[in-house]
Amino acid sequence: MASATFYTRVDDALKNKALGAAMDSATKRLVAGRQAGMAAFPEAETVRDHARAIRAHTIGQLGGYLRQFEAAVRARGGHVHWAQTAEQAVAIVADIARQHDVRRAVKSKSMVSEEIDLNAALARAGVDVLETDLGEFVVQIDKDHPSHIVAPIIHKSRHDVATSFRALGATDEDLVDVPQMTAFARRLLRAGFFKADMGISGGNFGVAETGSICICTNEGNGRLTTTVPRVHVALMGIERLVPTLSDLGVMLQLLGRSATGQKLTVYTNIITGPRRSGAHGASGGERAAAAVATDLSTDAASGAEADGPEHLHIVLVDNGRSGLLGGELAEILYCIRCGACLNVCPVYQQVGGHAYGSVYPGPVGAVLTPGLRGLSGWEELPQASSLCGACREVCPVRIDIPRMLLSLRAESTRLALTPAWVNSGLWLLGRLAERPRMFRAAQTLAARATRLVARNGWIRWLPGHLSAWTRERDFPAFASRTFMQRWERTRR
Amino acid sequence: MTDGRFDVLAAIDRQLRLGTLPPAGRLEHPGPLPVRSTDDSGLVARFTRELETLAVNVHHEHDADAAIDRVLTLIAERGATRVLAWDAQWLNCPGLAEAIDAQGIAREGCWLPADAEARRARLAEIDAVSVGVTGALAGLADTGSLALVSGPGRGRMASLLPPVHIAVLRADHIVASFAAFLTAHPQIADEGSNLVLITGPSRTADIEMTLTRGVHGPGHVHVVIIG
Chain C
1 MASATFYTRV DDALKNKALG AAMDSATKRL VAGRQAGMAA FPEAETVRDH ARAIRAHTIG
61 QLGGYLRQFE AAVRARGGHV HWAQTAEQAV AIVADIARQH DVRRAVKSKS MVSEEIDLNA
121 ALARAGVDVL ETDLGEFVVQ IDKDHPSHIV APIIHKSRHD VATSFRALGA TDEDLVDVPQ
181 MTAFARRLLR AGFFKADMGI SGGNFGVAET GSICICTNEG NGRLTTTVPR VHVALMGIER
241 LVPTLSDLGV MLQLLGRSAT GQKLTVYTNI ITGPRRSGAH GASGGERAAA AVATDLSTDA
301 ASGAEADGPE HLHIVLVDNG RSGLLGGELA EILYCIRCGA CLNVCPVYQQ VGGHAYGSVY
361 PGPVGAVLTP GLRGLSGWEE LPQASSLCGA CREVCPVRID IPRMLLSLRA ESTRLALTPA
421 WVNSGLWLLG RLAERPRMFR AAQTLAARAT RLVARNGWIR WLPGHLSAWT RERDFPAFAS
481 RTFMQRWERT RR
Chain F
1 MTDGRFDVLA AIDRQLRLGT LPPAGRLEHP GPLPVRSTDD SGLVARFTRE LETLAVNVHH
61 EHDADAAIDR VLTLIAERGA TRVLAWDAQW LNCPGLAEAI DAQGIAREGC WLPADAEARR
121 ARLAEIDAVS VGVTGALAGL ADTGSLALVS GPGRGRMASL LPPVHIAVLR ADHIVASFAA
181 FLTAHPQIAD EGSNLVLITG PSRTADIEMT LTRGVHGPGH VHVVIIG
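Protein sequences, first through last, are from chains C and F.
Anchor point for the first sequence: position 150 equals 150 in the numbering used here, and the numbering is continuous, going up by one each time.
Anchor point for the second sequence: position 164 equals 164 in the numbering used here, and the numbering is continuous, going up by one each time.
Hints were generated in silico from the structure; no laboratory data involved.
Computed from a predicted structure; not experimentally measured.
Do not rely on the hints blindly, as some may be mistaken.
Here are some of the chain F residues that sit facing chain C, going by a computed Cβ distance under 7 Å [stated by the list, open to error]:
| hint | residue |
| --- | --- |
| 1 | 8 |
| 2 | 44 |
| 3 | 179 |
| 4 | 204 |
Chain C residues, not near chain F, derived (Cβ > 12 Å throughout) [unchecked claim]:
| hint | residue |
| --- | --- |
| 5 | 46 |
| 6 | 304 |
| 7 | 417 |
| 8 | 490 |
Even glycine gets a Cβ: it sits at the ideal position worked out from N, Cα and C.
Pulled out of the complex, with its shape left as it was, chain C reads as follows (with noise of 0.2 Å):
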């Protein structure tokens, strides 16, 4: 999406009424929950730390906890493909499904497979995908974009989910509560997963010491995705990694707090490998899996595991990670997606998710996005933030937003990407700054110049560029004496 329209789209967003109310009532609940969520945590300052710490040290060192993950996922039978680009990724996965003869596919929540743009792409590969995340389920059907990292409808009513679900022949007895038209959605989806051939998730977390991936959903889709469907395909960011399962316990004790106040998700899905064959089922790596695939006897005395796919691929997804690694915005890929930040930030909470226009919004997307895709074209997240440091204080692993939005908005003005005219603005005052004569001179001319324009000292119309500031709010006259010459006078 062309940044040029940022500034529109968050005019849209706040004359928005209906836009405006279900941000403020989500967001709300959402801080009051994790509000209530932590002060029910008295160790959670000392787990902060440590979750931050292991974070620093697996991102460090991220190069050899990936290839210990790979190579503790082979031997458990399942197979790792590594995408550098998101073409890369969409191209292994629609590969998956052509080796395993896939026509449809159930998917689970994945922010990476929305930056990916995985359902267009196996679209055109003859895989049809269907949301199974009731938020994702009714984005999908409106041909919209989510709008919160954990929350993807946020933005939108009962009665505008009601009209999506009309047309797809829900009755009005299925629209009289929300408990009804979610026991439609649970039917329309439970024989979407029955059809399914193969399952796609993300992962929350991945363990380098066991190869495990951690799938955290409250809904249970996530469970029904890695159970039902023959093939499971996960997709995770390079960054994702923890090196043990204790690390895991440590994380899994921040992220449901931080994301609604839940003290772990619902379903906290742990996977490693794909379903085990009898014979060799704990240690048999290649062999299992090959096993399982050929030889399934219908008995559960053969010893194999009951049910679960027979094949499982997990696709690390680079896609321009790899370039934060060492620099200004490395710390922002210690982010455990919890989405603290965005309800927590007056930005977001005004203008919601879609007007950042990135698939990331609020806080970690302003740092993110221009992080994995460069400034330009997003040069104005960085400058969507008041600074006020509320998503720094609520993070679970303390990341500094803050402090790289501000180097972000930094890099935009060594770039140039700042607007020629405020860039000669701006050197205009550091050469009247350097010279106290003129600048007195230029106050006291400004200072006459706003009188003549006020009314009852307010000024409703700049020309030129400042009618940016006068369209939103009136901008006061100078004063008739400058600080300066009050002082002098109260000091005598």
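Starting from the known structure of chain C, arrange chain F on it as the hints suggest.
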């Protein structure tokens, strides 16, 4: 298929070598989180309290016979003629499987064939089953979670497909936390390909933040604690 393994790893190693933030190799792993000294005497009570907060139905039973009665009652309340169940040896309750059979209730296993068509047929067959009966490897007191591990005769679907999930747990398998669970089961990743921590009934708040239970997984969870 083009795979970016070489390029991605080369880029990571190069960036970390050149960069200063965070310094490669200099940030030590902080070690395990110090374990709170917990009083293990109140574990069952704490576990129960958490479950109740999560709207899970908790049933305390003194012995296997009482637990069997309880499970049969819960199945009968639902009017179920079939249950999706783990094999007898994993139910934590000797005699439970036989008692279910004696009631004329069909015990379906979770077996899924590898072949696509056979798999679909099997799923269609068990979709209408309204109750799942499982054991549980452990209960986590501080979060009110059930730990279930997959394996032969212990399918994932029994705690996932039916709208009602009944889990039978031994009181002495309740531990303080996930950390304590890992200490008790250090090789858990070897035990099965899927470890799931179930913390309450399936829920969503996607539509107007209205809490709704049973969206994909069971909307009703019963934990029968023996001992």
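To test your reading of the hints: which numbers does this structure violate? Violated hints: 2, 5 and 6; rest satisfied.
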